[in-house]
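**Q** These are the residues of each chain, in order.
2 protein chains.
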Amino acid sequence: MSRKRIHLALHPYGVGGPGQHGLWKDPRVAKNASIDINYYIRQAQAAEHALFDALFIVDSQFINATYPSHYLNRLEPLTLLSAVATHTRHLGLVGTASSTYNSPFNLARRFASLDHISGGRAGWNVVTSFDTGTSKNYGLDEHLDYATRYGRALEFVQVAQGLWDSYEDDAFPADVERNVFLDPLKLHDLDHVGEHFKVAGPLNLSRSPQGQPVIFQAGVSEEGRDLAARVAEGIYAPGGPLQQAQEYYADIKRRTAAHGRNPDHIKIFIHGGPVVAATDEAARLREREIFEEDNDFDRHLALLGRSFGAYDFSVHDLDAPFPDVAHLAEKGGRTGAAKIIERARTENLTWRQVAQSLAEFRRSPFVGAPETVADRIEEWFDAGTFDGINLAFRTEEELELFVDGVVPILQKRDLFRTEYEADTLRGNLGLPVPANRHTAGATGA
Amino acid sequence: MSRKRIHLALHPYGVGGPGQHGLWKDPRVAKNASIDINYYIRQAQAAEHALFDALFIVDSQFINATYPSHYLNRLEPLTLLSAVATHTRHLGLVGTASSTYNSPFNLARRFASLDHISGGRAGWNVVTSFDTGTSKNYGLDEHLDYATRYGRALEFVQVAQGLWDSYEDDAFPADVERNVFLDPLKLHDLDHVGEHFKVAGPLNLSRSPQGQPVIFQAGVSEEGRDLAARVAEGIYAPGGPLQQAQEYYADIKRRTAAHGRNPDHIKIFIHGGPVVAATDEAARLREREIFEEDNDFDRHLALLGRSFGAYDFSVHDLDAPFPDVAHLAEKGGRTGAAKIIERARTENLTWRQVAQSLAEFRRSPFVGAPETVADRIEEWFDAGTFDGINLAFRTEEELELFVDGVVPILQKRDLFRTEYEADTLRGNLGLPVPANRHTAGATGA
Numbered sequence: 001m002s003r004k005r006i007h008l009a010l011h012p013y014g015v016g017g018p019g020q021h022g023l024w025k026d027p028r029v030a031k032n033a034s035i036d037i038n039y040y041i042r043q044a045q046a047a048e049h050a051l052f053d054a055l056f057i058v059d060s061q062f063i064n065a066t067y068p069s070h071y072l073n074r075l076e077p078l079t080l081l082s083a084v085a086t087h088t089r090h091l092g093l094v095g096t097a098s099s100t101y102n103s104p105f106n107l108a109r110r111f112a113s114l115d116h117i118s119g120g121r122a123g124w125n126v127v128t129s130f131d132t133g134t135s136k137n138y139g140l141d142e143h144l145d146y147a148t149r150y151g152r153a154l155e156f157v158q159v160a161q162g163l164w165d166s167y168e169d170d171a172f173p174a175d176v177e178r179n180v181f182l183d184p185l186k187l188h189d190l191d192h193v194g195e196h197f198k199v200a201g202p203l204n205l206s207r208s209p210q211g212q213p214v215i216f217q218a219g220v221s222e223e224g225r226d227l228a229a230r231v232a233e234g235i236y237a238p239g240g241p242l243q244q245a246q247e248y249y250a251d252i253k254r255r256t257a258a259h260g261r262n263p264d265h266i267k268i269f270i271h272g273g274p275v276v277a278a279t280d281e282a283a284r285l286r287e288r289e290i291f292e293e294d295n296d297f298d299r300h301l302a303l304l305g306r307s308f309g310a311y312d313f314s315v316h317d318l319d320a321p322f323p324d325v326a327h328l329a330e331k332g333g334r335t336g337a338a339k340i341i342e343r344a345r346t347e348n349l350t351w352r353q354v355a356q357s358l359a360e361f362r363r364s365p366f367v368g369a370p371e372t373v374a375d376r377i378e379e380w381f382d383a384g385t386f387d388g389i390n391l392a393f394r395t396e397e398e399l400e401l402f403v404d405g406v407v408p409i410l411q412k413r414d415l416f417r418t419e420y421e422a423d424t425l426r427g428n429l430g431l432p433v434p435a436n437r438h439t440a441g442a443t444g445a
Numbered sequence: 001m002s003r004k005r006i007h008l009a010l011h012p013y014g015v016g017g018p019g020q021h022g023l024w025k026d027p028r029v030a031k032n033a034s035i036d037i038n039y040y041i042r043q044a045q046a047a048e049h050a051l052f053d054a055l056f057i058v059d060s061q062f063i064n065a066t067y068p069s070h071y072l073n074r075l076e077p078l079t080l081l082s083a084v085a086t087h088t089r090h091l092g093l094v095g096t097a098s099s100t101y102n103s104p105f106n107l108a109r110r111f112a113s114l115d116h117i118s119g120g121r122a123g124w125n126v127v128t129s130f131d132t133g134t135s136k137n138y139g140l141d142e143h144l145d146y147a148t149r150y151g152r153a154l155e156f157v158q159v160a161q162g163l164w165d166s167y168e169d170d171a172f173p174a175d176v177e178r179n180v181f182l183d184p185l186k187l188h189d190l191d192h193v194g195e196h197f198k199v200a201g202p203l204n205l206s207r208s209p210q211g212q213p214v215i216f217q218a219g220v221s222e223e224g225r226d227l228a229a230r231v232a233e234g235i236y237a238p239g240g241p242l243q244q245a246q247e248y249y250a251d252i253k254r255r256t257a258a259h260g261r262n263p264d265h266i267k268i269f270i271h272g273g274p275v276v277a278a279t280d281e282a283a284r285l286r287e288r289e290i291f292e293e294d295n296d297f298d299r300h301l302a303l304l305g306r307s308f309g310a311y312d313f314s315v316h317d318l319d320a321p322f323p324d325v326a327h328l329a330e331k332g333g334r335t336g337a338a339k340i341i342e343r344a345r346t347e348n349l350t351w352r353q354v355a356q357s358l359a360e361f362r363r364s365p366f367v368g369a370p371e372t373v374a375d376r377i378e379e380w381f382d383a384g385t386f387d388g389i390n391l392a393f394r395t396e397e398e399l400e401l402f403v404d405g406v407v408p409i410l411q412k413r414d415l416f417r418t419e420y421e422a423d424t425l426r427g428n429l430g431l432p433v434p435a436n437r438h439t440a441g442a443t444g445a
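Residue numbers (the numbering used here), protein chains in the order written: chain A, 1 to 445; chain B, 1 to 445.
Calculated directly from the structure, the hints in this document are not laboratory data.
Don't take each hint at face value.
One copy or two, it doesn't matter: identical chains are merged, so the pair holds either way.
[What the hints assert, rightly or not] Calculated pairs, BS3-like style, for lysine-lysine (alpha carbon to alpha carbon, straight line, at most 25 Å):
id	residue 1	residue 2
1	Lys-136	Lys-267
2	Lys-198	Lys-412
3	Lys-25	Lys-253
4	Lys-186	Lys-136
5	Lys-186	Lys-31
6	Lys-253	Lys-267
7	Lys-31	Lys-4
8	Lys-186	Lys-339
With the rest of the complex left out, here is chain A:
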């Protein structure tokens, strides 16, 4: 391999995620796409055909009627990915699950099961849950605060990784002559006792060909970045303008090294919704059209409200300065309610301007004819903004335009693979297989 290559993941949004609230009206989008397993299988097979690294399924658990169409009614990630697994052979299968609202034993087992079903292609995107309303679906009156959620997340991942090592790789000789199915010395309890969890183990599931599922994370806040640097092997990064993406990339790699880890063993994916057309002009027009189509101010406000516990901003005068809502931000989520407030104050923005700017933030930097989009991707890659892109498309046709138009150019420039390196997600991402902690001579990843 003459140069470092780009990783690509596909992020399907069914009938429409944030900033795509009108997508369900597109005649090319099936009205039930978000709950139709065949839609996901088609997306996965298209991604695998294009040699993408992974299918990335995000998640949330709190809704109200103002939420994006795809959020209202969608399949649960692990059941979805298990169904997709047997229809693909190389594609990584990354699913979001909350460390705040699950038990480590249950969740570790489900990801290990997906890892077996897929032959070593499972990835877990660890989230601490963003919507404060989620807590009320789990018996809590209040969302757990930031520090508790991130402390819990770190311990949760460590417990899961401990459970995944319950069996050493050669625990099952299944030797008929010696009448030994299991070598009991290679089955290990965990006996974890920590601040948030007590888990005895062992897990009733052996390791897959990739050793352990790959840990993804989506840290933006201080706590999130630190968690990522400690345990993440992939990051679902916020993206944004080039300079911001560069700073984030450098910061995560620096923090990872500071924790004694190889910074190459954490792959940073930015979110990208490329708009490809025959000419640059046509692509620009289409991008503006999409933006205007979705430029529904009520929806922007509802999304802004998500960062403040589904706060309803619409009852206020939108052209007054952004209000003092710091008390709502204390338990805030991923996109950083505190940062929104800070920026609004610094730049003296009205509420309308804040909501509008969030929509602008989601506009893609990758717009143009195939050659142009490939140029922009290469430029961003070389500028140290990402290791991979998490691609979202509005329709199956737009995915096809990217795959047929842009991917071959990236391949010609030796920026993207021409065949899979491995059958496992770790293998394709260039991540090491963690040695089992109980195996003699194990040194860790």
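Please build the complex by placing chain B on the supplied structure of chain A, with the hints as guidance.
**A** Okay, now just chain B, sitting in the frame of chain A:
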């Protein structure tokens, strides 16, 4: 339909469940069957080809090295069934999940997701978790007591059913002209506040073609039977000698009616591991051979220990009278530790005899040439012992013998379907689709 028909489910045991501890040595059994999704897909497709009602996946979460081979290393039921779903079209997909060690919102969502993925074929076998050691995987020092586990199970099912009704059936008009994707009046919070759970809802998933997943249960104790009579639509029954099966069947139907429910809307499945051969004599020989092969006393003791919190009976004199272990039985599980003790006392049994009798209990009543097995099944069915049989086979070949030999005879006698009645599990089991509780004019199931 001239007469009532039998339902059949398939219960795959991979490398060997209870009483099959030597099965992994059979050259026809793949050493990794229990973790190989293709084994389950083949089993499911064979069951569907034979027009069976369902694939039934049981589960447990606590192991030690003495447990049956299949328990040591097996796939998690919901990921497994999701993978199987897209390779089948009519077969019901019933998975075991614990109401003691899950949260209702998470679990309701996963079963609803499987229900969508399968187009209305999901069933949930509600268990309260039998192995007392499971508690230590979930941060509890002590297993919850019987009353608490069953109280929690009832409320858990009611919460799940409430969440499954979050959306009315016509909640998504997806009307482009009127610009209405969701009709917000048809999305309902649950706002459940009970003894064990507080769950606000709504669930972010709509109803499937069968309205709600089918509820299975496996109640043997007083609390278990009562729970079944209140909420179960299918039962995984203990079986045993004919008279015992008759009493159980009549008791469950009576209790169901006493709760104001139609006793026909609870389908009782007994466990059966038929042994079919060309002649009765050959089948009897084979059955004895299997029994002797698996007649490993240490394994019987380990299984007996399961009912007493993985108690190690092997340290005692096995030919002394059964000891006073009532204190270990207080939190006991499904097969009724208390009943074992009572019987041991009444019949003045030694420990060895108790362990041996548990093994005898698992011997199948359905042994013989195909015609004989069909006769026995008809006889048991007409005697009011079951609505369906949960069939377990040692090998894929033995499943084939049953399907090719016995099923056609049952069909000739009009005891088993010759084509599927429906594409949903409810449809094939003859269970009603529960009306959504929020829909005007709804009367309930």
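**Q** Against each hint, give a clear statement of whether it holds in the structure.
**A** Quick rundown of the hints versus the structure:
1. For the identical chains of this complex, Lys-136 and Lys-267 are neighbours neither inside a copy (34 Å) nor across copies (35 Å), given an alpha-carbon limit of 25 Å.
2. Taking identical chains as interchangeable, the C-alpha atoms of Lys-198 and Lys-412 are never at most 25 Å apart, the minima being 52 Å within one chain and 57 Å between chains.
3. For a Cα distance limit of 25 Å, the shortest separation of Lys-25 from Lys-253 qualifies neither inside one copy, at 41 Å, nor across copies, at 50 Å.
4. Within a single copy, Lys-186 and Lys-136 get their C-alpha atoms only as close as 42 Å, which misses the 25 Å cut-off; across copies the closest is 20 Å, which meets it.
5. In this assembly of identical chains, the alpha carbons of Lys-186 and Lys-31 lie at most 25 Å apart only when taken from different copies (17 Å versus 50 Å within one copy).
6. Taking CA atoms no more than 25 Å apart as the test, Lys-253 paired with Lys-267 passes inside one copy only; the shortest distance there is 9 Å, against 58 Å between copies.
7. With identical chains, the CA atoms of Lys-31 and Lys-4 are never at most 25 Å apart, being 40 Å at best within one copy and 40 Å at best between copies.
8. Taking the shortest Cα distances, Lys-186 and Lys-339 never come within 25 Å of each other, neither inside one copy (49 Å) nor across copies (36 Å).
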